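Sequence lines, in order, name chains E and P. The first sequence maps to residues 1 to 465 in this note's numbering. The second sequence maps to residues 1001 to 1311 in this note's numbering.
Source of the hints: derived by calculation from the structure; they are not laboratory data. Among the hints, a few may not be true.
Straight-line distance between alpha carbons at most 25 Å, and here's what the computed DMTMM-like set of lysine to aspartate or glutamate pairs gives [to be verified]:
no., chain 1, residue 1, chain 2, residue 2
1, E, K343, E, E128
2, P, K1067, E, E66
3, E, K54, P, E1255
4, E, K343, E, E66
5, P, K1067, P, E1046
6, E, K330, E, E125
7, E, K39, E, E62
8, P, K1067, E, D215
9, E, K39, E, D337
10, E, K330, P, E1046
11, E, K302, E, D383
12, E, K302, E, D276
13, E, K54, E, E422
14, E, K54, E, E41
15, P, K1067, E, E116
16, E, K54, E, D451
17, E, K330, E, E116
18, P, K1067, E, D455
Pulled a few chain E residues facing chain P out of the computed Cβ check, cut under 10 Å [unchecked claim]:
no., residue
19, Q298
20, E422
21, R448
Each pair of labels, with its calculated beta carbon distance range [claimed, not checked]:
no., chain 1, residue 1, chain 2, residue 2, range
22, P, L1225, E, D203, 52 to 62 Å
23, P, F1023, E, S19, 18 to 28 Å
24, P, I1296, E, D59, 31 to 41 Å
25, E, S29, P, R1010, 23 to 33 Å
26, E, D257, P, I1162, 16 to 26 Å
27, E, A23, P, A1210, 35 to 45 Å
28, P, I1296, E, Q295, 20 to 30 Å
29, E, F56, P, R1070, 27 to 37 Å
30, E, P17, P, M1134, 29 to 39 Å
31, P, I1162, E, P297, 29 to 39 Å
32, E, E116, P, I1162, 51 to 61 Å
Here the structure is a predicted model, which means the values were calculated and not measured. Glycine included, every Cβ here is placed at the ideal spot set by N, Cα and C.
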Amino acid sequence: MAKSHRFAGVGSDALSPGSALIALCAVVSGVAVLLMPIKREPGLELWMFSPEHKQFYPDAAERWREQTGTRVNIRLFGIPALKRRMMGGFFAGVETADLIEGERQMVGAAFAGPVESIGFLDLTERIESEGLHERINPASFTPWMSRGRYFGLPHDVHPVLLGYRADIVEAAGIDMSRIETWEDFRRELAPLMADNDGDGSPDRYLLSFWESQEDNLEVLLLQGGGSMFDAEGRCTLASETNVDVLAEIISWCVGDDRFCIEINEWTSTGHAEKIDGLAIGYLMPDWMCGIWLTQIPQLAGKVKLMPLPAFEPGGRRTSVRGGSMMGIPKTSDNIEDAWAFAKELYLSRDLARRLFETTGIVTPVTELWDDPVFDEPQAYFSDQATGRLYIQQAPDVPARYASPYYRNAQLALRSAATSVAELARSRGLSSPDELRPLAAAALAAEQRSIDALLDRNAFLAESSP
Amino acid sequence: MSASGTRPARTAAVFLLPFFLVFGVFTVYPLILSAILAVQQTHGPEYATFVGIDNFAALARDADFHKAVRNTIVYTLGSVFIQLPLALGLAMLLNRPGLTGRGVYRLIFFSPQLMGLVFVAMLAALVFESRTGMLNIALDRTIGRVIDPGTLLFWIPALENIDWPAFPWLQTFIMPMLIIASLWMYVGYNMVYFLAALQNIDRSLIEASAVDGAGPLTRFWHVTLPAIRPVGSFVVLLSVIGSLQLFELPYIILEQSGGPQNRGLTIVMYLYQSGFESGDLGYASAIGWVLALMLIVLALGQIWIMRREDR
């Protein structure tokens, strides 16, 4: 009885030593958390997602500190973590960073609400008054605009070229300069698809591309003149151009004459297949060059770049994939310092050179395109001047328009593509003409789902220009 | 009231206060808030507009939500009708008298739980890859090349036309792939429950039924199964609730999407996408309430069935 009575009261003699210790810890830690000041390091706070960019930003930050006395604290996050922190800060209206280097898929989420709710500072006046919209490649701005306003300074252009296994092609005596269209590409490289090992399937395929690769689907859609959203933010998935392009590119993946194969772009197994030469051609944005250089050194000297074959003679020879921007959260206490550092990072000649040397990425600042660094031969790419090749195509990069539902549309495009491909395989269809009605139906269904999202968003409708 | 009567009451109140505080802040308040959110369209907490039952009406028309519900139900059925019988079968094997190394087997079957779902999902993504995945390579080298249909008792002709190395688990057969991947994770886990239940069966009952001439199947059906029914019901309920909340496995394997044509989209994934990727907490709350309703109906249904059987 006496033992149970000890737990009946709350007096000092009623708690066991263990309970008292737990209670003490709770009280002390609670008070400590409440009173502990949230210490922020002095200077600018920069949040970023790219380990490749992080390779040379610390040096730039150090030079900035020497020039201006302002320190820049750089923090690297994974994209999902950065997106959650950014959106959490924007939703709650609390301080995040002074600068956020955002990627296309994450920044769109900030544009879903009323225009006044966008957590990034509206940079329109600054960009126009300082003439930046004339110094930077126009297509680089559009992913960072919402309702006609600029919310970010573009970091890149990201043109896409065709990377190909020059060693295999040249050993077969094929002249790639004769290729202007995808039809030429298929015809000229067809001998490489021979079945020499007699296993009933080609030893090599001509292009690493598959209906389930949403990024590459978008690359080809944009190259063919298609789009997912227009400048007003309306979904355009079911446009006639998209139907034509989708029917064409799915015909590359189905039937006995298919010349594409799915090779994982990121895994070691995918890299092993690239080394083995399972595919000849690859859709290569400029940033992919840097990744191949570090992750697949075995291909050094065996790869070359050329403009993408066009969908028709005289058509566009490039496309675009990925993209980053620098935005300034409205809650920053150092907006002017942040703006000055963003311009230093993205507009200076020295850093544009380092960006290219470190990552293979071409600056969007057109006045810097004459820099000799872009003419330097790259040993990995069989001594081609890859910078110049990308810059030659940069002005022709198609515009992409921002939407909070960009990722939804990208996945909807993938759903349409897989649906068309599977129907084609089950019905034995393979020509673009046969696939066109399937593509039209699939894209129309997917557009309806995106339209439903847009219609349900009362905030977008309220603040449309 | 005497002093001795009020003191325990006051003491109880003091001890209950932290619980009510935590329960109020972390359960009751979010529940009320989510009910309010479900009738609003939101962009973060600051921008909200009242939409009445529009979110629920939109859900009724939303093809993606319907697909998420269908997928979740398929996965749940797969869990209950494939995973649990396998778990019970394994438990019965390990419960055989005289089995040596029972503890080692139990550890081996249970070990995926120790690794965690994220790790299992990341490995599964590699195992199910087309052409380079271990499973497709194994299928190609067995069904695809080695097994001669002429030597088998029965054969499904359609299997001959399958390109096993390129079998599209991650594109076309996503739900079967998720069910198989979850077997790896949960069969051993459920096996432990069943094994504990089997070990508690009075062996004299089984021996008596054997003496009376009952064969293995009869003994299983009339002695073993009724004896483990309470544990079985509990495992089924846990499995159903867990399956309806499926999120991490497809989220990781399918790289943060529902997969091609949303074939791997589940209700909780759709809730997450709506609330935390599209930023519409109102719509996500409506999804949450529909899911809660489904769970309540299922739990009540199971309680009703158990009570009816007890009578």
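Outcome of the hint check:
Taken as a hint, the K343 (chain E) and E128 (chain E) pair is honoured in the structure, with Cα atoms around 14 Å apart against an allowance of 25 Å. Note on K1067 (chain P) and E66 (chain E): the hinted pairing is violated, with a Cα-Cα distance of about 57 Å set against a maximum of 25 Å. Taking the CA atoms of K54 (chain E) and E1255 (chain P), the gap is near 24 Å; set against the 25 Å cutoff, the hint holds. For the proposed pair K343 (chain E) and E66 (chain E), the alpha carbon gap of about 17 Å is at most 25 Å, so the pair holds.
Annotation: proposed proximity of K1067 (chain P) to E1046 (chain P) is violated, straight-line Cα distance about 31 Å (limit 25 Å). Distance restraint check for K330 (chain E) and E125 (chain E): the Cα-Cα separation of roughly 15 Å lies within the 25 Å cut-off, and the hinted pair is therefore satisfied. At roughly 22 Å between alpha-carbon atoms, K39 (chain E) and E62 (chain E) fall within 25 Å of each other, so this suggested pair holds. Restraint check: the Cα-Cα separation between K1067 (chain P) and D215 (chain E) comes to about 24 Å, which is no more than 25 Å; the hinted pair holds.
Annotation: proposed proximity of K39 (chain E) to D337 (chain E) holds, straight-line Cα distance about 20 Å (limit 25 Å). Pair hint K330 (chain E) plus E1046 (chain P) holds up; C-alpha atoms about 16 Å apart against a cutoff of 25 Å. For the proposed pair K302 (chain E) and D383 (chain E), the alpha carbon gap of about 10 Å is at most 25 Å, so the pair holds. At most 25 Å may separate the alpha-carbon atoms for a hinted pair to count; K302 (chain E) and D276 (chain E) meet this at roughly 12 Å.
A threshold of 25 Å between alpha carbons decides the hint, and for K54 (chain E) with E422 (chain E) the separation of about 42 Å lies outside it, so the pair is violated. Of the supplied pair hints, the one linking K54 (chain E) and E41 (chain E) holds, its CA atoms being roughly 19 Å apart against a limit of 25 Å. A threshold of 25 Å between alpha carbons decides the hint, and for K1067 (chain P) with E116 (chain E) the separation of about 35 Å lies outside it, so the pair is violated. Under the criterion of a C-alpha separation no larger than 25 Å, the hint pairing K54 (chain E) with D451 (chain E) is inconsistent with the structure, at around 38 Å.
In summary, the hint linking K330 (chain E) to E116 (chain E) is supported, as the alpha carbons are separated by about 11 Å, within the 25 Å threshold. Restraint check for K1067 (chain P) and D455 (chain E): the C-alpha separation of about 20 Å stays at or below 25 Å, so the hint holds. With a least beta-carbon distance of about 17 Å to chain P, the hint placing Q298 (chain E) at the interface is violated under the 10 Å criterion. Evaluation of the E422 (chain E) hint against chain P yields a held restraint, the C-beta minimum of about 7 Å falling below 10 Å.
Proximity of R448 (chain E) to chain P holds as hinted, the smallest CB-CB distance being about 8 Å (cut-off 10 Å). Separated by about 56 Å at the C-beta atoms, L1225 (chain P) and D203 (chain E) satisfy the suggested range of 52 to 62 Å. F1023 (chain P) and S19 (chain E) have their C-beta atoms about 21 Å apart, which keeps the hinted 18 to 28 Å range intact. A C-beta distance of roughly 59 Å is found between I1296 (chain P) and D59 (chain E), which places it outside the suggested range of 31 to 41 Å.
Separated by about 27 Å at the C-beta atoms, S29 (chain E) and R1010 (chain P) satisfy the suggested range of 23 to 33 Å. The hinted range of 16 to 26 Å is satisfied by D257 (chain E) and I1162 (chain P), whose Cβ atoms lie roughly 21 Å apart. For the pair A23 (chain E) and A1210 (chain P), the supplied restraint of 35 to 45 Å is violated, since their beta-carbon distance comes to about 58 Å. Between I1296 (chain P) and Q295 (chain E) the Cβ separation comes to about 50 Å, which falls outside the hinted range of 20 to 30 Å.
For the pair F56 (chain E) and R1070 (chain P), the supplied restraint of 27 to 37 Å is violated, since their beta-carbon distance comes to about 49 Å. Between P17 (chain E) and M1134 (chain P) the beta carbon distance is about 55 Å. The supplied range of 29 to 39 Å is therefore violated. The hinted range of 29 to 39 Å is satisfied by I1162 (chain P) and P297 (chain E), whose Cβ atoms lie roughly 37 Å apart. In this structure the supplied range 51 to 61 Å holds for E116 (chain E) paired with I1162 (chain P), their Cβ-Cβ distance being about 56 Å.
Checked against the numbered hints given earlier, this structure breaks hints 2, 5, 13, 15, 16, 19, 24, 27, 28, 29, 30; the rest are met.
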